[in-house]
Structures are given as C-alpha cells and as structure tokens.
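K.L.:
In case you want the letters, here they are:
Protein chains: 4
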Amino acid sequence: MKEIRETAKKNMQGYCRVCAVCNGKSCAGEVPGMGGIGTGSSFTANIESLSALRFNMRLIHDIQEPDTRVSILGKSLDIPVLAAPIGGVSFNMGGRISEEDYINAVLEGCYEKNTLGCVGDGVPGFIHETGYAAIKKLNGKGIPFIKPWEDREFLEKLEKAAATGADIMGMDIDAAGLITLKLMGRPVSPKSPDKLADIIEMIKKKTSMKFILKGIMTPDEAVLAVKAGADAIAVSNHGGRVLDHVPGAAEVLPGIADAVKGRITILADGGIRTGGDVLKMLALGADAIMIGRPFSIAALGGLKKGVIKYLEQIKSELVSAMVLTGCKRVTHVSRSILYKSS
Amino acid sequence: MKEIRETAKKNMQGYCRVCAVCNGKSCAGEVPGMGGIGTGSSFTANIESLSALRFNMRLIHDIQEPDTRVSILGKSLDIPVLAAPIGGVSFNMGGRISEEDYINAVLEGCYEKNTLGCVGDGVPGFIHETGYAAIKKLNGKGIPFIKPWEDREFLEKLEKAAATGADIMGMDIDAAGLITLKLMGRPVSPKSPDKLADIIEMIKKKTSMKFILKGIMTPDEAVLAVKAGADAIAVSNHGGRVLDHVPGAAEVLPGIADAVKGRITILADGGIRTGGDVLKMLALGADAIMIGRPFSIAALGGLKKGVIKYLEQIKSELVSAMVLTGCKRVTHVSRSILYKSS
Amino acid sequence: MKEIRETAKKNMQGYCRVCAVCNGKSCAGEVPGMGGIGTGSSFTANIESLSALRFNMRLIHDIQEPDTRVSILGKSLDIPVLAAPIGGVSFNMGGRISEEDYINAVLEGCYEKNTLGCVGDGVPGFIHETGYAAIKKLNGKGIPFIKPWEDREFLEKLEKAAATGADIMGMDIDAAGLITLKLMGRPVSPKSPDKLADIIEMIKKKTSMKFILKGIMTPDEAVLAVKAGADAIAVSNHGGRVLDHVPGAAEVLPGIADAVKGRITILADGGIRTGGDVLKMLALGADAIMIGRPFSIAALGGLKKGVIKYLEQIKSELVSAMVLTGCKRVTHVSRSILYKSS
Amino acid sequence: MKEIRETAKKNMQGYCRVCAVCNGKSCAGEVPGMGGIGTGSSFTANIESLSALRFNMRLIHDIQEPDTRVSILGKSLDIPVLAAPIGGVSFNMGGRISEEDYINAVLEGCYEKNTLGCVGDGVPGFIHETGYAAIKKLNGKGIPFIKPWEDREFLEKLEKAAATGADIMGMDIDAAGLITLKLMGRPVSPKSPDKLADIIEMIKKKTSMKFILKGIMTPDEAVLAVKAGADAIAVSNHGGRVLDHVPGAAEVLPGIADAVKGRITILADGGIRTGGDVLKMLALGADAIMIGRPFSIAALGGLKKGVIKYLEQIKSELVSAMVLTGCKRVTHVSRSILYKSS
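Chains as they are written, first to last, in full-length UniProt numbering: chain A, 1 to 342; chain B, 1 to 342; chain C, 1 to 342; chain D, 1 to 342.
FYI, nobody ran anything at the bench for these hints, they're computed from the structure.
Only a predicted model underlies this, so the values are computations on that prediction, with no experimental measurement involved.
Any given hint might turn out to be false.
Since the list can't tell identical chains apart, any single copy or any two copies may satisfy a pair.
Unchecked claim - Lysine-lysine pairs mimicking DSSO-like chemistry, simulated, CA-CA at most 30 Å apart:
1) Lys-328 x Lys-182
2) Lys-315 x Lys-195
3) Lys-309 x Lys-182
4) Lys-25 x Lys-9
Using the sequences plus the hints, can you model the full thing?
P.N.:
The following block contains the structure:
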C-alpha cells in the first residue's frame, strides 16, 4: 500500500495530498478537487464522528475466524464494502490517468474481490458514459448512479443504466444542492415524497433493478424513503461536498437505524478508511458501507492492483477488529462492542 | 471573489491578513485594526458558535426556488442581510482607499442588490460625516449609526442623521465601553432604562426614523429594549472589539429570541460569513442579520463591484442552503433545520 | 507596556519568553525558571479555567464610574489586586537585575498605586532577607511570606517578619511539596489542623499581624483554615509549580466560596492577567486577588515604572469590564455577570 | 535523567524520538517501532485519559513520610510499579544494544530497587529465550509472559517459564489480535472462558506460579478472569499496539475496579509516566501498575543505571504527590484525591 500511495501522491498532485490521515483539513474548500465544501467541516465531521467511537476490546471468547460475508440487495459480497460513486478524474483528481482506466480499475478490482463498485453521474456526459460502459463490460457487475435530474433526463439515463445489465442502481438525491448544475441549465432538484414514489414505481416498471437512495441524513427522511418504496438508503453527506456544517454519517446513523432498521437496507458512507471503521458503522446499524476517496487513491496509485490491495487491507483489518471485539459475523454486530464512557 | 480577496490582501496589508477562514485568531488584539480585543476570544466566539451549529440535510421535499425576501422596519430587502456599521478606513484598514470611496462602495453595492448598508460613527468626526453624506447622496438608502454620546452630542448627530433622509437609524450602545473615547473627553456611556426610553421618545418626536439598539447580549436587556420602545435590537458583541471573553452572538441569540421574538425586530451580528451562517441565525430567531468584516474586505478588494459580488455569493449560498435543508422562505425558518446531537 | 515587555524579554532571556499569551505552554517544566512543573498543566489550568469564563455584556444601566476600592485585612486598596510573593531573580528570571532592585520595584510600585506587594521566602536566605528589608524600608508596606518550616526555623523567620513593621503576613503551605527543600535538609511540611491552630495562635500572641494561609484548593481545607483561625486564605496551586495536574484556581474557587465566604477573607491567585480576569475572580467569590508572573515581567521590564504601568493597565481594564457588565463596585460583584450556556 | 534521555535519543534514532511528552502522536502507526497502531489513538488515549484526571491538592494534614510499599501476588515491592513486558530491541528500538543487555538492565534495575520486571514473548524465539535466561540468572526475580498460543506451544513455553524460578507468570491475551503471528503460522487466539479456566488449572497443577491475565478492558471480562481463577488482571490495551480506537486504561479502570476490586489483584498498564500517574491509577482502583515505554527509554539510555534512575525518579514523584494530596500509604488511596468538576 505504501508504494501505491506514493504513486497516487504523484498522480494526484495539485488535487489530493494523500495525507497520512485523510480528514478533509488540508483540502478544505477544494471542490472541484477532493475536498469538502467551504471550511471542509462536513468532510471532517465524517472522520471525527468515526474516530470518536471507540471499541470495547474483548479476548475471552472463542471467535477466531469471523465471517465477513454479507448478502444485500440480492448480492453476496465477501465483505460489506462497496466502492462509492466517484467520477471526474480530470477535474477532481488531476487527470493523469483516463476516466476509463480509472473506473475499470475500481469496478474490476471490486469484482475480483467479490464485492461491487458504483459509478457516478455528472457533467460532462462522458462521466456516466464511461462508467456505464465499464459496468456493461463486466456484465452488469457494478452499480450505476443517476443524479436527481428532471423527468426527461432522468428517464434517458435510467434506460442507459438498465442497459448495462446491472441489478442495482442508485440516485444521489443530495446532488440537488449543486446549483452549479442548475446554472448550467441542467435541472437537478429535490423530490417530493410523491414524486419520489413515482420515480421508484417507474424504475420498477421499466427495469428489474433494486433502488438505492443516497443522501439520507435524518430519521424522518429515512422513513420517507421506506414509504416511497426504496430498496436501500445510503446515509451520506456526499463526502461533505454539497453543504458545509453537516454532521458526520456516523453521528446520524444510530438515529436512522433506530427508525428504519430491518425495513430497508441501510448503507453508510462517509469517512470510512479502515476495517475498524467498517465495523463501527455495522455496530451503529449499517448493513453494508461505501468507501469513496480511498478507492480513488488506490486506483490512481495502482489501478486494479491498487484497488485489490486496498480491499485486502480492509478485510484483514476488519477480521482483526472482529477478533479483538468478539464479533462472530458481520451480519450480527452489536452496539455493545462500542465503548460508552460513564 | 478570489481576485477581490487578493486585491484586499494588498490594500489591507498590515491591518488584515484576509485569512482563508476569518476567525479572529491571527489578528487577536489588533484594535485599532480588524481584530478582536485582548486575546480575540470574543471575535473567535462569534465564529465558533456559528460553526458549532450544523444542518439537518434534507432533500425529500419540493422546495426548489426558495424565497429570500424579507421586510423589516418598513423596508423590503432581497436578502435578510445588512452591511454592519464599520468606519475608519485609515486606522482600521490601512487607508489605501479613502473613507469616502469605501463607504460609497458599501452603500451603493447594498442598494444595487436591494438591501441596505449601515454607516458608523466615531472619532474623528469625518467618519460619520463621510458616512452620512454617502447616505444623503443615495437619498436616504442607508442606516446611520450614532454612538451613545451624552445628550448634547447625541442630539447634534441625531439631527445630522435625520437630514440624510434615512428611515432607520441605530445606536451601538456597547461602544460605551470604549474608555478611550472618554479619555479623549468624548463622553460615551451606558444608558439607564429611563434614559434609553427618553432618547427613543426624543427620536420619535424629532424624526420619523425607526430605531435599532445594537449591542444586546442578554435576554434581560432585550426585554429592557422592548420596554424602552426600540424598534429593533441587534444582538452583537461589537465584533469582539470592546470586551474580551464574551460569548458569540449565535450562543446568546436563542435565549434572546425566546424572550422577545415577535415583540421587536431581531437582528443578529457577529461572525456571519456565508449564506449558511445567515440561515443558521434565522433558525435561531433572527429576522435579519448584519455582516461586518467581509464587507470591508469586499470593498477594499473591489469597491462597489466587490460588495455586489459578495452579496451575490451570499445569496447563492443562502439559496443552496435553503434547498438542502428544505426551507421555503427566510421568514419562516424552523430550528428543526439544525442538528441536535443525542 | 509594549516597551516594558520588550525590555523584559531581553532581561529574562532563557528564563521567560514573555509570550503574547502567558499560559505556561512554552515554559512547561521549567522549574527553576518561570514555568509550571512537569507538563505545565497546573499552570495552564489557571489560564484556561479563567478564559473559559465569559461575560454577560450589559449596557442598559447607569454605571459609568464604578468603584474599584476594597478594604481587606484592615487595609484600604485602590484596586483589589496584590502582587504575589515571588523571589529568586537569579535562578528564576535570569538575574540581569538584582534581587534588591526587583523586590523594591514591586513593593514601591504597588505602594505608589495604593495597593500592596508580597515578598517570598526560600533558599538561599537572601531571598527573604532582601524582601523583608524592602518592606522595612517602606515602613511595613508589604506582606512577608514564610514557608511551612519546622518550628525553630518558622519562629526565627516570624520574628524577622514582624520586625519589618508589616501588618499582614502569610504562609504558602503548598511549598511543603517541595521535597528539594527537604533533601537540602530544610524541613518544610504539611501542617495538621491542630498544628496549624498552634502556629496561628503563636503568631497572634507574638505579633499583631493578620495571617494569610496560601495554597488552599479544596472546600474542606478552606473550612479547616477558618477553624484554625486564619484571617485569610489564598486559593492557589502555587502557580502550577509544585504538583502537575491540579485544577485551576478559578475552577475550585466557587466551591470554596460556597463553603467559607463571609467567614474569612478569600484571596485568589493563579493565571490572572487582566482587569477582566480580576473581575471574574471577584464574581466567583474572591474578596481580592493576587497576580504573580506579570508583576515579575513588569519589574524586569521597567522596574518600579513597569509595575506602576501594569497596575494602571489592570485598573483601566477592570473599570472598562465593570462598565460593560454593569458592576457598581468591586465589593459587590454578582455571579450573574458570567455567562451560563444553556 | 536528562543525560540518559539524550543517550536514548541517539540509540533509538529512527524508532523513538524520546519526545518531551511521550504521547503516541509523533510515532502514530509505527508498529514495529514504539508507536501505537493506525492513527495511534489507543496509545494517545492512555496518556490523555490520565492527564484528564486532576488532583485535589491538600496540605492541612500530618502526612510527611508516606509509605510506598505494597505486597502483591506474594511479593513485597518498594513501590507499586512493575516494568511491563516489552521485547524485540532490534526491530522495535533500533538494535543499538543487544536483547540480552536490554532485558538484563530492566530486570536487574528493578530487582535492585526492590521491584520486578516482566519479560515479553514473541517471534522470533530469542525474545523469550533471552528474557527467561535473564530471570533465571536473577534466581527467578522477574515475571515471564507467554502469548496466547495454541496448546502445544503454550505448554512448551510454560515449562520454560517455570524453569526460570519465577513465582509469577503472565499471559497477554490481547496479543491474539496480532494476525501477523497467525499469518506466520504461529497460532495465537482468544480463549473461551472454559479454555481459560483449563489453562489456569494446568498452570496451577504443573507449577507454583501465580497467574496474571493481561489485556482486560471491560468489567465483564474482568469478572470472567476472576471466575477462570486468575490471580491478577492487568488492565491494558497493549500500549495501543493491537487495535486502533480503544479507550485508555485510566478510562476503563474505574468500572473494572467497581466490578472485581478485592476479588483479584488489579494491575493497570498504559500511559503511566510519572509518580503522579501511578497515584492516579491507585486512586482509580489499581493495586499496582506496569510501565512500558519509559523503561525501554531508560534502558536504552543508561542500561541498569538508567532503569534505577527512572525508578528513583518515579518514587520521588510518587512521594511528593502523596504528600501534596494527603495519602498515607499506597495501599489505601481514595478516589477523593481526584478533582471532580461540578
């Protein structure tokens, strides 16, 4: 990994410092780029809300070989980790490798380690085009995302997404805050509960894909997502890139899990870096998690091999954390593994 | 804005560093100058009390084009933002542009974007003279401030203020702490409740101007302001420039709003930098807000054009924050848009 | 003051950095020197516990010329501020001025501004000898301190202290922790309640001096001091120089005041730098306060003139803080001037 | 000590910076080396949880010569301090002295000051071999540790440990998290309650050694250790070297003491640097404590003489802290010496 990170540092120069601790501080405000918006506080909150959680270390038990496999949205994954949808290598990461090489690396690396990568949508159009093509090439082994466009544009993209052969798709509804898109004449917007239900109904009618609604940060909207018929929510503040001063995913996840756990698949996204972080999110109520920036660094630093190495590291850390906290399987992680100060 | 800030950095050299985050840390103790008094903690508290507030991000709703207009003290404003009264370009900001150019830039920029600027009072006399002249030139489109002088001086200035054609005036009562003024033989002082009522009665008799009492930091004094007949209070610690170790405006605002909301117009001033900050203050109970130092930087960096650019940026951020938190109009912003940790 | 601080910086080189904020961080562990022991945390706690306290700023009142005079232990003081006992210029402050010039500067400066300075005790003997001589020269206008020696040495020093003509004396009981003194064969020790009562009885029998017990940090020991017959306690952690990880004086003062206020004179010592800090300590329950390091800096930087300037600055800050918080007199300062977050 | 630390700095170059405050920040992630794993947060938590505890300073009492002696696990110690098991000079500390010189220095220094050192186990085999030989050379005056190996390897080492003549042995069960050992084909693992009881029964049958279970971080596992028949537990997060984001020993100790105090000997390990830290751990419920890294630095900086100097310093600080908090003996330290903020 050290070598991969060194290469990434060179490839991402001017866009990402590949810091020892990736916490949004050095890159505050760098959007485009890899930073959080404004003061970077929403990015940082993702990291700090996770590092504030601490483990009860326990060794008097018989768990030696914990089970990391999970089945979500009809897919069996070797570890409960997805690569989050990130695109735009040229303006976000420096463009020293091509969009195509990048997204292939992420998707193929994930596929080879028996998990899945997502691909992003955005402007210009080659972002989703490249991504969707990469999923198609892998016979649907990837998750296409679509931004919350107005009807016609959404429908067009939905058809393209279905054509990739993917079984799952997603919409990052929080991208509706990107008024730059609106200024460019590209109409993204929030969706009312009824509108959202209509969209999901249309997806179900036109395709066989499961639907992830990404960008949920409150229990009330998690309930709305359930009611609208979504298959999964992704708790996410969009990597801190749309609104400054939003809490971290790990802060809001417990309340959201209390509200909808068991009624919908819960994904968590934001600030996850290590296998320990994965385990914390599971303890808070996530069924699986998404990781963003570290996959970009892995891909920019070592292409598919980098992605594989990173996934192997995550798994090894996850196994170790499970042994040291006494967790038998990722599908049953109790909040009691987290330390509560008295 | 980047260019404007670069120019401001040159023009304010030795007086303001135009930091990436304007938080009172680098300029602690620089009074005169742009800093807070003493350790700068009161300036910093303004910033930190705002950044400690975080948003509940919500996207499942139908708010796409929120309404930012507000009507306060008989005036319709395009956004609920006033330029706070700041003067003394020569000793506070380096003097590389004239007092006149400065205050014209602020007032005209605000007027052009359908809001209002305030002008300050102080020693030497050309500060208020230049400011009042600028308001007159704009046919009263500005808010003259008067310091809490003893009777004769206050009365003289009141007449000058009325002569500008302004419909609103203000007094920054916390300037009574500036014992430098007293040492210079210029008698400023606190005002007893009765004295304050007398002053306001006199203003109402002699002029048709609405009256803002600026420098309220406790619920009990907010109630006294209501009783004395003020039209508005401005919650403000004077930018942290009169007393070290005072809480931030955003800390005391909720208690003050609980005490007087609906009985008097509530303005909030202190540490507001972005449209998100504006929205936070509205959520805490402000009807409109004042911004200080950023307008000085905008004016020193780009004169009227700088002020306009800054106002456009604030509005764009405000609109974006309203969409991402689901706020339909600035006149009805609920505290529920702020995240409460459990 | 700026000039005085510049000179002090030169004179104290290698012993005190004369930092912008004197908080014990740069000099952590520098004992001898001006630092706190160990990590310096007890020194720092004094500063941080004061800066954590914040003022309710209030201006709607009629207090324009607050009264700073106080009468304690039979003495009228212009401001409730004493110079704390600090000696050992050569090994603590660099020795670029003589012990005699130093202590004369402190005592004479205090006397000229109608307050009092204390003089310290210690090893070698010239510390107390020089200090006591300086008090005698001022006809008793100073407060001699004696360390908690064993009987014979205490008695000898008591006679010398009485011979200075002073009306007040003190013992810094927390110096009993200085095991260096014990290793040098100089027996200092804690005192049992009975022993302390005996000592005070002896002082009362042999002299007419009032007695200050310095080094009280808990309510229970404050009560013991009352019972033993002390005239005053000084809440103090010895400037953080005897034990690491002790709370700041401002943290423990409220509990101590709750326990003994009105039954004994309460002095507070530790981290006070400004007139605002003085006012905070009064609000917490102190009758008067002691200041240490800043007097050393003032004396090393400007001798008697430096001490006078510093006292004038403190008074001006105190008056300003009293106006801005609405305090009429230092003898009646309410805790309600301090902000309580809800 | 200053000289010893200077020498250690040279000898440990590239492995330990011998920082002024040894808190795991500079060396975060340096495993092997002297750091904590990952972000170093578990190492840092040890330090910060101790420094967050503060003393009630008390001097009105008759305690002048406190008693530091303690008797644990059948051994009388001059101070309640053991050297923790640390090995691997070559890969953890730079290898500028030999494993043998190192462990002899630690054990002999401890023995000379009437306390005991522990020796570690690990891979490669010469670590425990050198350590066990050193204990044998001292006629059993040391505590051999064994990692939680599978049966055969554990049994072999147990026989070797017994052959040293030691009266006490230990197992650091948290080493089961070191999956590197497992990858090397060296089977370490957690132990179920039954398995642990079997192991302890075997130890008791085959040897006369008392048994310390090291790596307990929760009250429930402390109770399991009591039930399994252990003679002592060591509250420890393994110096923060096996799992990132674990609380500090001083955070979990009070809850553990509440659960098992008096039913088993409680040792505490993690972040203890000074005599004051020792006293804090005793106040929280430890019967004696272990110190790790500082002994390594003392040994690398001055061999046996360094270890002795460090022990003398700890004792002197402990005595001073006991006098300044009014503690008569280390066997009866009340939690009331710790400050509780109200």
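K.L.:
Hint by hint, note whether the structure agrees.
P.N.:
These are the hints, each one checked on the structure:
1. Lys-328 x Lys-182: Classified as between: cross-chain Cα gap 18 Å, same-chain 48 Å, threshold 30 Å.
2. Lys-315 x Lys-195: between (39 Å within a copy, 28 Å between copies)
3. Lys-309 x Lys-182: between (39 Å within a copy, 19 Å between copies)
4. Lys-25 x Lys-9: Answer is both: 17 Å inside a copy and 23 Å across each meet the 30 Å cutoff.
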